[in-house]
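Chemist: So the chains spell out like this:
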Amino acid sequence: MTAAGTTTEASARAGASSQNGATRLRPWRNPWRKPWLLESFTWLYLIWSLVPIALAVLFSFNNGKSQAVWQGFSWRWYFTDPVNSVWHNPALHAAVFQTLRLSVYTTIIAVPLGVAFALGINRWRSYTSSTFNFVMILSFVVPELIFGVAMFFVFTVLFSFVHLGTLAETLGLVSWNISWPAIIVQARLVTIGKHYEEAAADLGATQWQAIRRVLLPLLTPAIFASAVLVFSSVIDDFVIVDLLSSSAGNTPMSVYIYAQQHGGNGGPALNALGTIMLVMSFVIVIIGFIGYRIVTRGERGDRKSALTTIAGADYG
Amino acid sequence: MSIAPPKSPPPPTRPKPARTEGPKRRPEGQQSKTFWIVLAIPGILWLILLFIVPFYAVLGIAEGQLNRLTESPIAQYNPLHWSSSNVINVYHDLIGATAFAAPIAVRTIVYVVIASLLSLVLGYPAAYFVARFAGRRKGLFLVLLIAPFWISYMMRMLAWIDLLQVNGYINKTLSTLGITSASSPIDWLGGKPLTVILGLVYGYIPYLILVLYAGLDRIDPSLIEAGRDLGLSRTRTFLRVTLPLSRQPILTGMLITVLPMLGDYYTNQLLSGAPNTSMIGNLIEGQLGTPGLQGQGAVLSLLLLLVLIIPMIYYVIATNRSSREAT
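Line order of the protein sequences matches chains Y and C. Each residue of the first sequence is one higher than the one before, starting from 1 at the first, in the working numbering. Each residue of the second sequence is one higher than the one before, starting from 1001 at the first, in the working numbering.
The hints are simulated quantities; they were obtained by calculation from the structure and are not laboratory data. In this text, all values refer to a predicted model and were calculated from it rather than measured experimentally. All C-beta atoms in this analysis are idealised placements derived from N, C-alpha and C, irrespective of residue type, glycine included. Be a bit skeptical, because a hint or two may be false.
Some, not all, of what chain Y presents toward chain C, calculated at C-beta under 10 Å [claimed, not checked]: (1) Thr42; (2) Leu46; (3) Asn122; (4) Trp124; (5) Tyr127; (6) Ala182; (7) Ile183; (8) Arg212; (9) Ile223; (10) Ile287; (11) Ile290.
Covered by chain C, per the in silico footprint, the following chain Y stretches (three or more residues, Cβ under 8 Å) [to be verified]: (12) 72-78; (13) 93-100; (14) 268-281.
Assemble the whole structure, with the sequences as input and the hints as a guide.
Modeler: So, in structure tokens, the structure goes:
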């Protein structure tokens, strides 16, 4: 019986191998072939997603008033045009500085607040702490328009001493972005665990020393990544600042582009403004990427994970 | 809580140097708890004052009255004095013979469903390829895939406004290919639903892709290889192994695109601007800027929140669970 069994098995194996031989002849049956179709699709997708933006950047250098017809290269919408260039038009460069100002203010307030919140909530385990943690994550997913409407009403009706403008914009943006440091730092706290702190305490460190000398250095990458995320998401933010800005003096770039384009005053100067936003974001991301690599050196993880971390992908 | 205090205090008569820390440590457990609470308090206060209170203010305005003289809303924070005039107005906008808002709501749902499904169909294969097959060029692909995430929404809309203008490159290409005649170009930006839907897809797909990539990248390749080794075809491995494993990222990715799409008003304004494509976000934003209608805007945004609160809570629970599983 055993002999019969082995022979059938052997013949089956022989059949399988001859089949394998056959598949090797037909490349489309090769299970490990390169997925050409998928790769071409991905390239098409990338072209669709990036080429329009490249063209929009190109049109910021257009030597003419059209956003659709190329009329030659010039810097006129950045510097040379005496009236409508970003450099000479006060409304345009006010928008650039307003964006930068809001990004700096929001990052300075939201990151320490969020980090302290994350530390406190993570270690103070109680009903209250988990309730507020839930509220905080809710602020991460609530649609921005609904949040913006709430902010608009609270500053026009209830806290009306906060007038619409830079202060209202900053407060709104901090509320909207506080969840980045809070979520990222909590995720990092979970992976760090408590061993390092306990070791520090056993070696005689006080609570404060353990945090300052042990926990904060371990949290640096998370704090850094969240600062990059807050800064760049404020640059790109639109809804909150649109609802909370009051005059030309406190209109950031995104709102300025929207208002002008929508009002029928489009032109390459807007593309120039958009390009400046793009460059700002990329500078922040590159600083963030290099900085993140420096603060995480000696740790496991590669460039790709650094990239997805500073894009917030690990917490989406 | 992190430091376990010794169960029995050391004998007080002859304290050894190492043991003197014992009695000190006991109150430290208490002290540390207060310390963490103090750390959390500023953030909690901020959330109360500038997240919870604002929503109560919206409720107060929604249930409040209108100052007929100034056309400005008067908030009513006491539930006993709530007025239902705004709610009744919105009800008549949504249901009945004069319900101008009902088609807007239906249109919003149709646009968002089409746009989010289209995003998934376009985004999934790209994210799947980069997560699984990109090999040594993964870094490059990843940078290109994520790049739009860092580019301002306005800049990305501007890009399509440039292309879709009457004398823009899209029309030029179409007439060169002989699909349309050069004499009658298509006015893409003049209230075309197709333009708005594609604009929504283009605007929100980076967020979906990011979530999909992160989820697909976490799938253990040995599971897929096991499926192949056990004789499943490529398609069946995908259907039986990869797809079930990517259910969670698909769900959260769809949520993260659908939620902001439902509150979108700017895509529509920039790419169409015509009332025949306006969405619920346009309605709310318009009412916010119209004296006398702000109360109704408050009701509508609360209504939207009410509809979305369940998917939002689902999202919070799902991400919490997956982050717990990841550790």
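Chemist: So, for every hint listed, does it hold in this structure?
Modeler: Tested hints:
Restraint check, Y:Thr42 versus chain C: the minimum CB separation of about 4 Å is within 10 Å; hint holds. The criterion of a C-beta within 10 Å of any C-beta in chain C is met by Y:Leu46, whose closest approach is roughly 5 Å, and the hint holds. With a cut of 10 Å, the hint placing Y:Asn122 at the interface with chain C holds, because the nearest CB-to-CB distance is about 8 Å. The interface hint given for Y:Trp124 holds, since its Cβ lies 4 Å from the closest Cβ of chain C, which is under the 10 Å cut-off.
With its C-beta approaching chain C no nearer than about 13 Å, Y:Tyr127 sits outside the 10 Å limit, and its interface hint is violated. Below 10 Å, beta-carbon pairs count as interface contacts, and Y:Ala182 has one with chain C at about 7 Å; its hint therefore holds. Checking Y:Ile183 against chain C: minimum C-beta separation of about 9 Å stays under 10 Å; hint holds. A hinted interface residue such as Y:Arg212 counts as satisfied when its beta carbon comes closer than 10 Å to some beta carbon of chain C; here the least separation is about 13 Å, so the hint is violated.
Of the supplied interface hints, the one on Y:Ile223 is violated, with its beta-carbon coming no nearer than about 14 Å to a beta-carbon of chain C, more than 10 Å. The closest approach between the C-beta of Y:Ile287 and any C-beta of chain C is roughly 12 Å, which is over the 10 Å cut-off, so the hint fails. Hint status for Y:Ile290 relative to chain C: violated, with the closest Cβ pair at about 14 Å, above 10 Å. Only residues whose C-beta sits within less than 8 Å of a C-beta in chain C count toward coverage, and the region 72-78 of chain Y has 0 of them, not enough to reach three; the restraint is violated.
Closer than 8 Å: that is the beta-carbon criterion, and the region 93-100 of chain Y has 0 residues meeting it against chain C, so the requirement of 3 is violated. Judged by the Cβ-Cβ criterion of 8 Å, the region 268-281 of chain Y is covered by chain C as claimed, because 7 of its residues qualify and three suffice.
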